[in-house]
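Novice: Sequence:
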Amino acid sequence: MCKTKKSTQAIEPSRSPHKPRTSKSFSSSRSNPNDPFSGNNSTNYDNFSKFSTASSVTSLKSSLPENPMIYDTSEISSSTNNFLSHRLSSSSTSTSTSWRCTLRGKDAVVFQRKSRTPIDLPDLQQSLSLISRSHHTSLIKLLGASLSGSYVYLVYEFVDGANLADCLRNPNNPSFTVLSSWLSRLQIATDLAHGLDYIHRCSGLGSGLVHNHIKSSSIIVTSTTLNAKICLLC
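Counting from 1, one number per residue, gives the positions in the sequence shown under the numbering used here.
Take these hints with a grain of salt, some might be off.
To be verified - Pairwise CB distance ranges, derived in the manner of DEER restraints:
id: 1; residue 1: Ser180; residue 2: Glu75; range: 13 to 21 Å
id: 2; residue 1: Leu130; residue 2: Asn82; range: 27 to 35 Å
id: 3; residue 1: Ser175; residue 2: Gln126; range: 39 to 47 Å
id: 4; residue 1: Glu157; residue 2: Leu84; range: 19 to 27 Å
id: 5; residue 1: His194; residue 2: Asn170; range: 23 to 31 Å
id: 6; residue 1: Thr117; residue 2: Asn172; range: 30 to 38 Å
id: 7; residue 1: Arg185; residue 2: Asp107; range: 36 to 44 Å
id: 8; residue 1: Lys106; residue 2: Phe176; range: 26 to 34 Å
id: 9; residue 1: Ile214; residue 2: Lys114; range: 13 to 21 Å
id: 10; residue 1: Glu157; residue 2: Gln126; range: 18 to 26 Å
id: 11; residue 1: Ser181; residue 2: Met69; range: 38 to 46 Å
Hints listed in this document are in silico derivations from the structure and should not be mistaken for laboratory results. No experiment lies behind these values; they were computed from the predicted model shown. Beta carbons: idealized from backbone N, C-alpha and C, even for Gly.
Turn these sequences into a full structure, and let the hints steer you where they fit.
Specialist: Below, the structure is given as structure tokens:
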């Protein structure tokens with residue numbers, strides 16, 4: 001039996017009147033008094049901002065370099081047990097004596113050098129002022145210095161390693177060297193080139209600072225990465 005056209009037409013479903021959806025605000029969906037971002041808790045957000053700012057300032061302050069200081073000789077003498085502490089080993093080319101100590105809470109190395117000409121305190125302060133403006137990964141950080149008669153005591157941060165002279169020719173075993181590969185030696189040469197280029201061209205903002213006594217005993221090779229670091233004034 002044939003169906004009529006009228007009976008074959010699809011019947012549209014009845015639609016209910018459209019009701020607008022009510023949107024819930026973020027603040028009404030979740031509210032946690034301990035969450036600075038929940039709801040409209042402006043007090044918590046302000047506290048979080050203050051805490052974040054304080055943390056950022058503290059982190060920035062700790063990362064800023066400190067200017068070298070003038071130590072009193074008695075302070076250096078006390079930290080090295082009146083210079084009776086065990087001295088660090090030095091190569092035959094080194095003209096200075098050094099001690100490892102803790103100075104003002106920092107792991108440091110004190111180098112003793114005898115000056116050929118008298119050094120005044122203002123001249124020492126001027127030299128430290130220039131060096132304090134030099135910051136490079138190939139330079140060992142100078143913490144400060146002290147004067148005692150014809151002797152100058154230079155205080156550096158401690159770097160775990162050995163001087164380049166001993167690395168090239170071990171005094172206990174001359175046939176052994178930690179720099180046995182050409183790759184490691186090229187790394188040393190690259191570090192020194194970058195450090196000297198920085199000293200002569202970039203440090204001191206055009207002060208004309210020149211490292212005129214570079215030698216293997218004043219270069220430290222780090223024990224972990226075998227990178228070279230230069231001691232200024234040593």
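Novice: Look at each hint and say if it fits the structure.
Specialist: Consistency of the hints with the structure:
no., hint, in the structure
1, Ser180 x Glu75: 13 to 21 Å, "violated, 42 Å"
2, Leu130 x Asn82: 27 to 35 Å, "holds, 31 Å"
3, Ser175 x Gln126: 39 to 47 Å, "holds, 46 Å"
4, Glu157 x Leu84: 19 to 27 Å, "holds, 23 Å"
5, His194 x Asn170: 23 to 31 Å, "holds, 26 Å"
6, Thr117 x Asn172: 30 to 38 Å, "holds, 37 Å"
7, Arg185 x Asp107: 36 to 44 Å, "violated, 28 Å"
8, Lys106 x Phe176: 26 to 34 Å, "holds, 33 Å"
9, Ile214 x Lys114: 13 to 21 Å, "holds, 20 Å"
10, Glu157 x Gln126: 18 to 26 Å, "holds, 22 Å"
11, Ser181 x Met69: 38 to 46 Å, "holds, 40 Å"
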